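Chains as they are written, first to last, in my numbering: chain B, 1 to 114; chain R, 1001 to 1113.
If you are wondering where the hints come from, they were derived from the structure by calculation, not from laboratory data.
Please note that a few of the clues may not be correct.
Among the chain R residues that face chain B by a calculated CB cut under 7 angstroms, a handful are [claimed, not checked]:
hint : residue
1    : F1046
2    : I1047
3    : R1051
4    : G1083
5    : T1105
Straight-line distance between alpha carbons at most 25 angstroms, and here's what the computed BS3-like set of lysine-lysine pairs gives [said to hold, decoys possible]:
hint : chain 1 : residue 1 : chain 2 : residue 2
6    : R       : K1068     : R       : K1056
7    : R       : K1042     : B       : K41
8    : B       : K18       : B       : K52
9    : R       : K1110     : R       : K1042
10   : B       : K40       : B       : K52
11   : B       : K41       : B       : K22
12   : B       : K22       : R       : K1056
13   : R       : K1042     : B       : K19
14   : B       : K36       : B       : K22
15   : B       : K36       : R       : K1042
16   : B       : K41       : R       : K1071
17   : B       : K40       : R       : K1056
18   : R       : K1100     : R       : K1071
19   : R       : K1100     : R       : K1068
20   : B       : K36       : B       : K52
21   : R       : K1042     : R       : K1071
22   : B       : K22       : R       : K1100
23   : R       : K1100     : R       : K1042
24   : B       : K22       : R       : K1042
25   : B       : K22       : R       : K1110
26   : B       : K36       : R       : K1100
27   : R       : K1056     : R       : K1071
28   : B       : K19       : B       : K52
29   : B       : K22       : B       : K52
30   : R       : K1100     : B       : K40
31   : B       : K18       : R       : K1068
32   : B       : K41       : R       : K1110
33   : B       : K18       : B       : K36
34   : R       : K1100     : B       : K52
Since we're looking at a predicted model, the values are computed, not measured.
Backbone N, C-alpha and C define an ideal beta-carbon position, used for all residues, glycine too.
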Amino acid sequence: ETGVTQTPRHLVMGMTNKKSLKCEQHLGHNAMYWYKQSAKKPLELMFVYNFKEQTENNSVPSRFSPECPNSSHLFLHLHTLQPEDSALYLCASSQSGGANYGYTFGSGTRLTVV
Amino acid sequence: GESVGLHLPTLSVQEGDNSIINCAYSNSASDYFIWYKQESGKGPQFIIDIRSNMDKRQGQRVTVLLNKTVKHLSLQIAATQPGDSAVYFCAEGVHSGTYKYIFGTGTRLKVLA
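From just these sequences and the hints, can you work out the full model?
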């Protein structure tokens, strides 16, 4: 394990369902991120949180709603998704400010929208 | 726009040989670069990084080379092993309050027995 835990690992949901993805980091980092990984595409940044405050929303549709109750937990609430939203959703954390050593990623949630 | 790309989408290498994975970046302001490895069913894992004030950095069996003149980054893996089979991403980072990264699409490395 990397210190960033994502649940569930796999999720199948209908277009009318509401579900949530969870991410938890045990590294003491103060920044957390949601990325979308689709086949044959680079990682797409969705949201950035620094010290629990959202600092970036990369033009993500409102059917994706992030929540960051504290620096260790990050959620992605999903509702009325489309089939093209099927992808691997990756959570990452980092220590912002000072020396930076990149992100630590979780293993992702494989989402299938049917 | 800014982009990070990889020259070869798939690389097949004999076990024991050296592997070289290449990456081009476009933002001359990028000052930090990372190589990630992503195995099947897992998230990207940090392998090695390099800052723009360096042109070479070595780790255990891995070496990253940075050529800022042509905006080129490479990852060399010595004595490639079956466990090295994975997708490798490069990422370029620019510091703007915190670091922002642009990721490449990835190169799949296949190690042949």
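Against the structure, the hints come out as follows:
Because the beta carbon of F1046(R) sits about 5 angstroms from the nearest beta carbon in chain B, less than 7 angstroms, this interface hint is met. Annotation: interface hint on I1047(R) violated; nearest CB of chain B at approximately 10 angstroms, more than 7 angstroms. Using the Cβ-Cβ criterion of 7 angstroms, the hint placing R1051(R) at the interface with chain B is not satisfied: the shortest such distance is roughly 10 angstroms. Checking G1083(R) against chain B by beta carbon gives a least distance of about 17 angstroms; that is not within 7 angstroms, so the hint is violated.
The restraint placing T1105(R) at the interface with chain B holds, with a minimum CB-CB distance near 5 angstroms, inside the 7 angstroms limit. For the given pair, K1068(R) sits about 11 angstroms from K1056(R) by alpha-carbon distance, which is consistent with the 25 angstroms threshold. A C-alpha spacing of about 17 angstroms is found between K1042(R) and K41(B), which places the hinted pair at or below 25 angstroms, so the restraint holds. Distance check on the hinted pair: K18(B) and K52(B) sit about 23 angstroms apart at the alpha-carbon level, within 25 angstroms; holds.
For a cut-off of 25 angstroms, the pair hint linking K1110(R) to K1042(R) stands: about 17 angstroms separates their Cα positions. In summary, the hint linking K40(B) to K52(B) is not supported, as the alpha carbons are separated by about 31 angstroms, beyond the 25 angstroms threshold. For a cut-off of 25 angstroms, the pair hint linking K41(B) to K22(B) stands: about 23 angstroms separates their Cα positions. For a cut-off of 25 angstroms, the pair hint linking K22(B) to K1056(R) is broken: about 38 angstroms separates their Cα positions.
With a C-alpha separation of about 22 angstroms, the suggested pairing of K1042(R) with K19(B) holds against the 25 angstroms cut-off. At most 25 angstroms may separate the alpha-carbon atoms for a hinted pair to count; K36(B) and K22(B) meet this at roughly 14 angstroms. Distance hint between K36(B) and K1042(R) is fulfilled; the C-alpha atoms sit about 14 angstroms from each other, no more than 25 angstroms. In summary, the hint linking K41(B) to K1071(R) is supported, as the alpha carbons are separated by about 21 angstroms, within the 25 angstroms threshold.
Between K40(B) and K1056(R) the alpha-carbon distance is near 29 angstroms, which puts this suggested pair outside the 25 angstroms criterion. For the given pair, K1100(R) sits about 18 angstroms from K1071(R) by alpha-carbon distance, which is consistent with the 25 angstroms threshold. The hinted pair formed by K1100(R) and K1068(R) meets the criterion: a straight-line CA distance of about 19 angstroms does not exceed 25 angstroms. Of the supplied pair hints, the one linking K36(B) and K52(B) holds, its CA atoms being roughly 20 angstroms apart against a limit of 25 angstroms.
For the suggested pair K1042(R) and K1071(R), the alpha carbons sit about 29 angstroms apart, so the restraint of at most 25 angstroms is broken. Restraint check for K22(B) and K1100(R): the C-alpha separation of about 23 angstroms stays at or below 25 angstroms, so the hint holds. Proximity of K1100(R) to K1042(R) is assessed by CA-CA distance (about 22 angstroms); at most 25 angstroms being required, the pair is judged to hold. Proximity of K22(B) to K1042(R) is assessed by CA-CA distance (about 16 angstroms); at most 25 angstroms being required, the pair is judged to hold.
Our distance criterion of 25 angstroms between C-alpha atoms is broken by K22(B) and K1110(R), whose separation comes to about 32 angstroms. Our distance criterion of 25 angstroms between C-alpha atoms is met by K36(B) and K1100(R), whose separation comes to about 15 angstroms. A distance of roughly 14 angstroms separates the Cα atoms of K1056(R) and K1071(R); the hinted pair therefore holds under the 25 angstroms criterion. At roughly 21 angstroms between alpha-carbon atoms, K19(B) and K52(B) fall within 25 angstroms of each other, so this suggested pair holds.
Between K22(B) and K52(B) the alpha-carbon distance is near 15 angstroms, which keeps this suggested pair within the 25 angstroms criterion. Restraint check: the Cα-Cα separation between K1100(R) and K40(B) comes to about 21 angstroms, which is no more than 25 angstroms; the hinted pair holds. About 47 angstroms separates the Cα atoms of K18(B) and K1068(R), which puts this hinted pair outside 25 angstroms; it is violated. For the proposed pair K41(B) and K1110(R), the alpha carbon gap of about 19 angstroms is at most 25 angstroms, so the pair holds.
For the given pair, K18(B) sits about 18 angstroms from K36(B) by alpha-carbon distance, which is consistent with the 25 angstroms threshold. With a C-alpha separation of about 17 angstroms, the suggested pair K1100(R) and K52(B) falls inside the 25 angstroms cut-off, and the hint holds.
Of the numbered hints stated above, those contradicted by the structure are hints 2, 3, 4, 10, 12, 17, 21, 25, 31, listed in ascending order.
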